[in-house]
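Fit chain R to the supplied structure of chain U, relying on the hints for placement.
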Amino acid sequence: MSLKVAIGKSRKGDIAEAAHSCMAQIDIAEVTLALLFSTPAFATQSLPKNILSALGAEVPLIGCSAMGLITPEGTQNEGLILVLTASPSLKASCGEVSLDNPKDAFLSGQELGSHLISGVTGYRRDICLLLSDGLSEKTSGVIQGLQNVLGRSFPFIGAGASDNFAFKQTAQFYNGTLLRKSAVAALLSGKLSYALGIRHGWKPLGKIHTITRSYANVIQSIDGKRAGLLYEDYFAKSLPELKKEILRVNILYPLGISLEGENEYLLRNIISLNDDGSIITQGDVPQGSSIRIMIGTKESALSAARQAAEQVKASLRDKEPSLAIVMSSASRARLLGRDIDEEFKVIRETLGKDVPLAGFYSYGEYAPLGSTAYYGQTYLHNQTIAILGIGE
Amino acid sequence: MLFPLLSQEAMNILGAALSLVIITLGITSILKIRQIQRLNKTIAYLKKSLDELDEQAKLIVRTDLELNKTQEELDKKINGLYALQRISQDVGKTLDQNDIFQRISQEHIRQIGFQKTLVFTKNQQGKLHIRHQVGFDEEQIQHIENKFTWPGLYDMLKEKSITLSSASPSQEMRQVIQSIAAATNLDSFIIAPLSKKEGLFGFILLAHASGETALTVTEGDEELVAILASQISQALENAELFEAVYSQHQELERKVEERTKELSGALNEIKLVNQRKTDFVSAVSHELRTPLTSIKGYASILLTGKLGIVPEEVKQRLEKINIHSNELTHMVNNLLDIARIESGKIALKLEPLDILSAAAYALDLLSPQIKEKSIQARIDIPQGLSPALGDQSQISRVFINLIGNAIKFVPAEGGSIGISAFESGQVIQVNVADNGIGMSQNDTEHIFDEFYRADNAINQKVKGTGLGLTLVKNIIQAHQGKIWVESKLNQGSAFSFTLPRCKT
Numbered sequence: 488m489s490l491k492v493a494i495g496k497s498r499k500g501d502i503a504e505a506a507h508s509c510m511a512q513i514d515i516a517e518v519t520l521a522l523l524f525s526t527p528a529f530a531t532q533s534l535p536k537n538i539l540s541a542l543g544a545e546v547p548l549i550g551c552s553a554m555g556l557i558t559p560e561g562t563q564n565e566g567l568i569l570v571l572t573a574s575p576s577l578k579a580s581c582g583e584v585s586l587d588n589p590k591d592a593f594l595s596g597q598e599l600g601s602h603l604i605s606g607v608t609g610y611r612r613d614i615c616l617l618l619s620d621g622l623s624e625k626t627s628g629v630i631q632g633l634q635n636v637l638g639r640s641f642p643f644i645g646a647g648a649s650d651n652f653a654f655k656q657t658a659q660f661y662n663g664t665l666l667r668k669s670a671v672a673a674l675l676s677g678k679l680s681y682a683l684g685i686r687h688g689w690k691p692l693g694k695i696h697t698i699t700r701s702y703a704n705v706i707q708s709i710d711g712k713r714a715g716l717l718y719e720d721y722f723a724k725s726l727p728e729l730k731k732e733i734l735r736v737n738i739l740y741p742l743g744i745s746l747e748g749e750n751e752y753l754l755r756n757i758i759s760l761n762d763d764g765s766i767i768t769q770g771d772v773p774q775g776s777s778i779r780i781m782i783g784t785k786e787s788a789l790s791a792a793r794q795a796a797e798q799v800k801a802s803l804r805d806k807e808p809s810l811a812i813v814m815s816s817a818s819r820a821r822l823l824g825r826d827i828d829e830e831f832k833v834i835r836e837t838l839g840k841d842v843p844l845a846g847f848y849s850y851g852e853y854a855p856l857g858s859t860a861y862y863g864q865t866y867l868h869n870q871t872i873a874i875l876g877i878g879e
Numbered sequence: 206m207l208f209p210l211l212s213q214e215a216m217n218i219l220g221a222a223l224s225l226v227i228i229t230l231g232i233t234s235i236l237k238i239r240q241i242q243r244l245n246k247t248i249a250y251l252k253k254s255l256d257e258l259d260e261q262a263k264l265i266v267r268t269d270l271e272l273n274k275t276q277e278e279l280d281k282k283i284n285g286l287y288a289l290q291r292i293s294q295d296v297g298k299t300l301d302q303n304d305i306f307q308r309i310s311q312e313h314i315r316q317i318g319f320q321k322t323l324v325f326t327k328n329q330q331g332k333l334h335i336r337h338q339v340g341f342d343e344e345q346i347q348h349i350e351n352k353f354t355w356p357g358l359y360d361m362l363k364e365k366s367i368t369l370s371s372a373s374p375s376q377e378m379r380q381v382i383q384s385i386a387a388a389t390n391l392d393s394f395i396i397a398p399l400s401k402k403e404g405l406f407g408f409i410l411l412a413h414a415s416g417e418t419a420l421t422v423t424e425g426d427e428e429l430v431a432i433l434a435s436q437i438s439q440a441l442e443n444a445e446l447f448e449a450v451y452s453q454h455q456e457l458e459r460k461v462e463e464r465t466k467e468l469s470g471a472l473n474e475i476k477l478v479n480q481r482k483t484d485f486v487s488a489v490s491h492e493l494r495t496p497l498t499s500i501k502g503y504a505s506i507l508l509t510g511k512l513g514i515v516p517e518e519v520k521q522r523l524e525k526i527n528i529h530s531n532e533l534t535h536m537v538n539n540l541l542d543i544a545r546i547e548s549g550k551i552a553l554k555l556e557p558l559d560i561l562s563a564a565a566y567a568l569d570l571l572s573p574q575i576k577e578k579s580i581q582a583r584i585d586i587p588q589g590l591s592p593a594l595g596d597q598s599q600i601s602r603v604f605i606n607l608i609g610n611a612i613k614f615v616p617a618e619g620g621s622i623g624i625s626a627f628e629s630g631q632v633i634q635v636n637v638a639d640n641g642i643g644m645s646q647n648d649t650e651h652i653f654d655e656f657y658r659a660d661n662a663i664n665q666k667v668k669g670t671g672l673g674l675t676l677v678k679n680i681i682q683a684h685q686g687k688i689w690v691e692s693k694l695n696q697g698s699a700f701s702f703t704l705p706r707c708k709t
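Protein chains in written order, with this note's numbering: chain U, 488 to 879; chain R, 206 to 709.
One chain only, chain U, in its complex shape:
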């Protein structure tokens, strides 16, 4: 059964322009899921509501704010993009959960999982698309909670909503409402085929170090010394100097956790360096892990994007996907700078020039680890490009 896709966008955040362009490509009555991504300037309280009223139908909608957009024509640093999908074989169940409460993230994840399942009872569940607040530290917990309900090896893909590197607030869209500090998800069911591609391209550099003390996403000591010393030593900079450059260091030189059986290291962004010598990362880092300082270059990032697209192509047995949702780390956008469009071009070249691409630049990507040792369990990644290809 074929999947119909309509994509509308506007550089100026013009809702009517995006909606009307979509409506010209698809019958709104058939739409099963709408995805909406918008740069912060246009992510207003009324945006999702206005999108729905411009479409003139109550279609299930999820989405989020983003520092940049990926459209079928290339990347765009301002505007909004709307993706509508329709297929008799596609059924979507959407849900949201707030992360802005003292409630345990794991429980929130479970709650969201149960809600999603209730929307597609009687169907084969295929994949879950998760869009969470990229600034929240609770996302790892939510993923674990979701896995507890949907199954440990159940495939997840998704990414964290972003802002313009202000790290202030992000937005999530759920049907007609704009949410803050929340996670939204769509559980997709039906007979379509899904393919995932995940790669980052960062390479390890220097010695292997061991996390000697950590809990959740706080690393207290590395090789028996205060954790921050690792960066101070490598960059020959004092802690205050490093703090000033934290954004650049975070993007270019994250920590890599070596995972048995995996091709690439699992990356962990440095969110902050504390005065007590501890390092806060975006995702959890288990005590005892072997870590390396990682380095990224434009070339390695682009070849990783190609590999991710090749993964998608291979799992669809070389058939072109009807839609590819691309979630690329904001760090990659920053690393590529003016060459940001190259990543888009590499993906399009690999997947096929007629494959519609849509997506955004994110704070953290969610995707399963491939090797059997991890049972396809989903983890939080950084600096990564995650592609979801949907085929027939």
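Check the hints yourself; a few may be wrong.
[What the hints assert, rightly or not] If you anchor each label on the Cβ, the simulated ranges turn out as follows:
1. U:532 with R:424: 34 to 40 Å
2. R:303 with U:726: 47 to 53 Å
3. U:790 with R:327: 53 to 59 Å
4. U:589 with R:301: 54 to 60 Å
Keep in mind that the hints were calculated from the coordinates and are not lab data. Note that this is a predicted model, so its numbers are computed, not measured. Using N, Cα and C, we set each Cβ at its ideal position, and we do this for glycine too.
Here is chain R on its own, set in the frame of chain U:
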């Protein structure tokens, strides 16, 4: 005995074997120890290599960080320059001052690497107000406008009149920077003066969104904003100049229109007056001719003596009446001709006209007088001269008048008259020159006026109407030609006129 059962021989063998084992063990341990030493050495070597590699890795990341920083700065600058180019293109497309600000959009600001902007300009009362903004809401704008303690700050900024950034290390500027930060609630910004020829008239402020501590302004940013400010200033100046020129142009057009109206009104009036004068002269001349003819007729009848013998004295008086009547008739006829030509009542019979024949005809007609004064008359007109377009009888009058005048004013002896003509562009120019008594400058200025007679001895003796040259001028003008005179007292005069060349 330990091994009492064993023979001495066996004991010896055992001893030897034992020794062998001990020796072998010894050798093995020595070898092992050596191997361990070697391995330790390798390990130490590897460890050293690893440490060295790690040091190299450190060097790599440090260099890479610096490279990335430079690259980022470069990217930012290039992006900024592209954005500047786009802004200046957009801004340059309009000559409306308000529109210039409206064209500074969210996307432009972001491309330069900022999220917010404020433009302050002076209003008509000389107070600064926010003219344009991107990235703020109404409430914030109100707050900034209220909170901004402009007078002091403005003076400080005006005095320095330089581009300032929140990252400026200058201690001197700290106070200004802090005041701006406090008033705007922004911590990362650049403010640049907008100035025109007359001096400072406002500021543009570009800022990162609050809380984006990771984004700090750089020197490159300062340069970009300074360029942006100067481009906006330039565009505003252009717009202002355009407005000034435009309004001056409008004013000028209005004045020209007004003056043209006035002039054409005056011209119409003059035409009207002239027409009335011509009509009057024409009517009067006409009315004069009838009684004049009667007077002449009666004088002639009386002179015939048919009405009785006319005494000699009476006869003399009658002849005078006759002569004066003739003069008067001549004058009235001239006046009538002038009036007719002026009012356009005479239709010129324009035809190709051979100037040489026209001049020769006039000379021939006047040959008795020429001979009488022994004047040397010369025609210097080339044979192949293009014909002029003119009315033959009227142009003959022109020649007769001009040659007649020349005859009158040349000296009694050695007088000479020269008639020449040549082509000049689309016209034929004719000159009638003499070596007569000439005229003063005052006379040459008025010689073509009606009833004007130059003040000289000859004119005092010889009677004239003062209408001949006026008639000549009117005839030439009726032919779309020009007439003028060059003359010097006692050296002679040269009258020149032009006639249109007949197009063949």
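Going through the hints against the structure:
Residue 532 of chain U and residue 424 of chain R have their C-beta atoms about 39 Å apart, which keeps the hinted 34 to 40 Å range intact. At roughly 50 Å, the beta carbons of residue 303 of chain R and residue 726 of chain U sit within the given window of 47 to 53 Å. Restraint check, residue 790 of chain U to residue 327 of chain R: a C-beta distance of roughly 56 Å satisfies the suggested window 53 to 59 Å. Roughly 56 Å separates the CB atoms of residue 589 of chain U and residue 301 of chain R, a value that falls within the hinted 54 to 60 Å.
In the structure shown, no violation is registered for any of the earlier numbered hints.
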